[in-house]
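Heads up: the protein sequence lines correspond to chains V and H, in order.
So that you can map any letter, position 92 of the first sequence is 92 in this note's numbering, and since no number is skipped, the others follow by simple counting.
So that you can map any letter, position 50 of the second sequence is 50 in this note's numbering, and since no number is skipped, the others follow by simple counting.
Simulated from the structure, these hints should not be mistaken for laboratory data.
Hints are supplied without guarantee of correctness; some may be wrong.
[What the hints assert, rightly or not] Computed cross-link-like contacts, DSS-like style, restricted to lysine-lysine with a CA-CA straight-line distance of at most 27 Å:
1) H/Lys-98 - H/Lys-135
2) V/Lys-61 - H/Lys-4
3) H/Lys-228 - H/Lys-69
4) H/Lys-192 - H/Lys-175
5) V/Lys-61 - H/Lys-140
6) H/Lys-69 - H/Lys-98
7) H/Lys-220 - V/Lys-9
8) H/Lys-192 - H/Lys-229
9) H/Lys-190 - H/Lys-127
10) H/Lys-220 - H/Lys-127
11) H/Lys-220 - H/Lys-135
12) H/Lys-162 - V/Lys-67
13) H/Lys-220 - H/Lys-238
14) H/Lys-4 - V/Lys-67
15) H/Lys-127 - H/Lys-175
16) H/Lys-162 - H/Lys-229
17) H/Lys-133 - V/Lys-9
18) H/Lys-127 - H/Lys-162
19) H/Lys-69 - H/Lys-135
20) H/Lys-69 - H/Lys-190
21) H/Lys-162 - V/Lys-9
22) H/Lys-192 - H/Lys-127
23) H/Lys-192 - H/Lys-228
24) H/Lys-238 - H/Lys-140
25) H/Lys-127 - H/Lys-140
26) H/Lys-69 - H/Lys-127
27) V/Lys-61 - H/Lys-162
28) H/Lys-190 - H/Lys-228
29) V/Lys-9 - H/Lys-192
30) H/Lys-4 - V/Lys-9
31) H/Lys-175 - H/Lys-140
32) H/Lys-98 - H/Lys-190
33) V/Lys-9 - H/Lys-140
[Unchecked claim] Okay, the calculated beta carbon distance ranges per label pair:
34) V/Ile-23 - H/Lys-135: 46 to 56 Å
35) H/Val-165 - V/Leu-85: 44 to 54 Å
36) H/Lys-135 - V/Val-77: 44 to 54 Å
37) H/Asn-169 - V/Ile-93: 23 to 33 Å
38) H/Ala-18 - V/Lys-31: 15 to 25 Å
39) H/Glu-55 - V/Leu-42: 26 to 36 Å
40) H/Ala-18 - V/Arg-56: 26 to 36 Å
Just so you know, even glycine gets a beta-carbon here, dropped at the ideal spot from N, CA and C.
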Amino acid sequence: MSEIVFIDKFLVRLALSVFAALIGLIVVGEKRADVYVAVFILIYFIFLALYSPLPREVEGKISLISKILLTIFIIIVAFRILEILAPTIIASILGL
Amino acid sequence: MLIKHTIVGLNLLVIGVAGSLTAFIILNVPELAAALAGVAMVGAVLFVVGWEMPEHPIKAMREEIEYLKENVERLLEELGVLDRNPIFIPSTMSTDGKLSIIIPLTKNAELEGTGRKIPERMLVTMKNIPCLKLKPPCLKIIDELGVSEVETIGQVEDFISKTLVQHLNIVDSVKVATRTDGTIVVTLSKIKYGFSKYRGKIGFIITIVGAILAETFNRKIEFLNMEKKLEETILFFK
Numbered sequence: 001m002s003e004i005v006f007i008d009k010f011l012v013r014l015a016l017s018v019f020a021a022l023i024g025l026i027v028v029g030e031k032r033a034d035v036y037v038a039v040f041i042l043i044y045f046i047f048l049a050l051y052s053p054l055p056r057e058v059e060g061k062i063s064l065i066s067k068i069l070l071t072i073f074i075i076i077v078a079f080r081i082l083e084i085l086a087p088t089i090i091a092s093i094l095g096l
Numbered sequence: 001m002l003i004k005h006t007i008v009g010l011n012l013l014v015i016g017v018a019g020s021l022t023a024f025i026i027l028n029v030p031e032l033a034a035a036l037a038g039v040a041m042v043g044a045v046l047f048v049v050g051w052e053m054p055e056h057p058i059k060a061m062r063e064e065i066e067y068l069k070e071n072v073e074r075l076l077e078e079l080g081v082l083d084r085n086p087i088f089i090p091s092t093m094s095t096d097g098k099l100s101i102i103i104p105l106t107k108n109a110e111l112e113g114t115g116r117k118i119p120e121r122m123l124v125t126m127k128n129i130p131c132l133k134l135k136p137p138c139l140k141i142i143d144e145l146g147v148s149e150v151e152t153i154g155q156v157e158d159f160i161s162k163t164l165v166q167h168l169n170i171v172d173s174v175k176v177a178t179r180t181d182g183t184i185v186v187t188l189s190k191i192k193y194g195f196s197k198y199r200g201k202i203g204f205i206i207t208i209v210g211a212i213l214a215e216t217f218n219r220k221i222e223f224l225n226m227e228k229k230l231e232e233t234i235l236f237f238k
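Take these sequences, add in the hints, and give me the full structure.
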């Protein structure tokens with residue numbers, strides 16, 4: 001019983017935080033979609049750390065989602081770094 | 001599987017992925033694409049949780065807990081040990097190698113007179129005193145956490161906190177301290193869901209804390225008494 005209450009709290013707070021971040025970024029006039037996604041992923045990992053350990057039943061599949069999100073985050077950050085260090089490579093990747 | 005979680009999660013995931021791609025590629029509105037990407041992320045987590053979590057018949061579990069609690073309390077009351085201080089024996093000192101709770105029955109001689117007998121598996125004799133032997137709760141969690149003898153009081157607090165706060169989520173926080181006379185003081189703040197509503201001294205939380213203390217200190221631990229201060233419950237052990 002308490003496990004379901006615990007996981008529901010995690011889900012509700014994650015959703016509320018993502019929503020709050022979205023509103024905040026819209027308010028500051030952010031136009032880059034990758035910034036939004038990166039912030040959402042950071043929020044996800046913060047909540048995952050705060051609510052760790054999750055019930056054993058969901059740990060395996062949640063770690064799969066974590067790996068996917070981490071990969072997306074790494075790609076976003078790598079693109080941003082490349083944009084500064086080697087903008088020509090970015091242009092060639094994006095076909096510009 | 002939690003059906004509602006799974007269905008809502010799957011819907012959010014599909015709407016989120018399809019919507020964010022449409023918003024980004026066709027409509028070219030990054031804010032909407034990002035919002036729907038967030039929806040997809042939350043939906044994916046919801047879907048996984050719903051898919052993997054076993055469904056618990058909550059009302060049935062509550063009824064079962066009430067039924068067991070009431071009957072155990074009645075049995076202990078009938079034996080006259082409801083207010084007797086329980087003693088927690090660590091697994092290293094127990095004959096069967098398992099954590100156990102011992103309640104002395106010295107004042108229950110009348111039981112023999114009336115011909116009533118306690119089953120042998122519930123009785124042990126310590127220093128010629130018959131004692132009631134009970135199994136503490138949450139042995140699986142205690143085993144999972146690898147609770148064993150530790151050196152510092154901080155590690156003891158960590159084990160109790162992991163069990164009551166993180167795994168069971170029935171207490172907000174835990175503090176453990178020792179006094180110079182050897183008394184161990186465990187302070188629990190905000191016990192949730194009425195888990196403190198036990199009659200006598202062999203309540204659910206007391207037995208978990210006592211069992212962990214016995215295992216971590218690797219010696220017999222006796223529960224002394226309990227005090228309540230606003231939202232805090234203070235347990236004294238020796």
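Consistency of the hints with the structure:
| no. | hint | result |
| --- | --- | --- |
| 1 | H/Lys-98 - H/Lys-135 | holds (9 Å) |
| 2 | V/Lys-61 - H/Lys-4 | holds (18 Å) |
| 3 | H/Lys-228 - H/Lys-69 | holds (22 Å) |
| 4 | H/Lys-192 - H/Lys-175 | holds (16 Å) |
| 5 | V/Lys-61 - H/Lys-140 | holds (23 Å) |
| 6 | H/Lys-69 - H/Lys-98 | holds (22 Å) |
| 7 | H/Lys-220 - V/Lys-9 | violated (38 Å) |
| 8 | H/Lys-192 - H/Lys-229 | holds (15 Å) |
| 9 | H/Lys-190 - H/Lys-127 | violated (39 Å) |
| 10 | H/Lys-220 - H/Lys-127 | holds (14 Å) |
| 11 | H/Lys-220 - H/Lys-135 | holds (15 Å) |
| 12 | H/Lys-162 - V/Lys-67 | holds (26 Å) |
| 13 | H/Lys-220 - H/Lys-238 | holds (8 Å) |
| 14 | H/Lys-4 - V/Lys-67 | holds (25 Å) |
| 15 | H/Lys-127 - H/Lys-175 | violated (34 Å) |
| 16 | H/Lys-162 - H/Lys-229 | holds (23 Å) |
| 17 | H/Lys-133 - V/Lys-9 | violated (38 Å) |
| 18 | H/Lys-127 - H/Lys-162 | violated (35 Å) |
| 19 | H/Lys-69 - H/Lys-135 | holds (14 Å) |
| 20 | H/Lys-69 - H/Lys-190 | holds (21 Å) |
| 21 | H/Lys-162 - V/Lys-9 | holds (18 Å) |
| 22 | H/Lys-192 - H/Lys-127 | violated (39 Å) |
| 23 | H/Lys-192 - H/Lys-228 | holds (14 Å) |
| 24 | H/Lys-238 - H/Lys-140 | holds (25 Å) |
| 25 | H/Lys-127 - H/Lys-140 | violated (30 Å) |
| 26 | H/Lys-69 - H/Lys-127 | violated (30 Å) |
| 27 | V/Lys-61 - H/Lys-162 | holds (22 Å) |
| 28 | H/Lys-190 - H/Lys-228 | holds (11 Å) |
| 29 | V/Lys-9 - H/Lys-192 | holds (15 Å) |
| 30 | H/Lys-4 - V/Lys-9 | holds (16 Å) |
| 31 | H/Lys-175 - H/Lys-140 | holds (23 Å) |
| 32 | H/Lys-98 - H/Lys-190 | violated (30 Å) |
| 33 | V/Lys-9 - H/Lys-140 | holds (24 Å) |
| 34 | V/Ile-23 - H/Lys-135: 46 to 56 Å | holds (52 Å) |
| 35 | H/Val-165 - V/Leu-85: 44 to 54 Å | holds (45 Å) |
| 36 | H/Lys-135 - V/Val-77: 44 to 54 Å | holds (52 Å) |
| 37 | H/Asn-169 - V/Ile-93: 23 to 33 Å | violated (47 Å) |
| 38 | H/Ala-18 - V/Lys-31: 15 to 25 Å | holds (22 Å) |
| 39 | H/Glu-55 - V/Leu-42: 26 to 36 Å | holds (32 Å) |
| 40 | H/Ala-18 - V/Arg-56: 26 to 36 Å | holds (32 Å) |
In this structure, the hints that do not hold are numbers 7, 9, 15, 17, 18, 22, 25, 26, 32, 37, in rising order.
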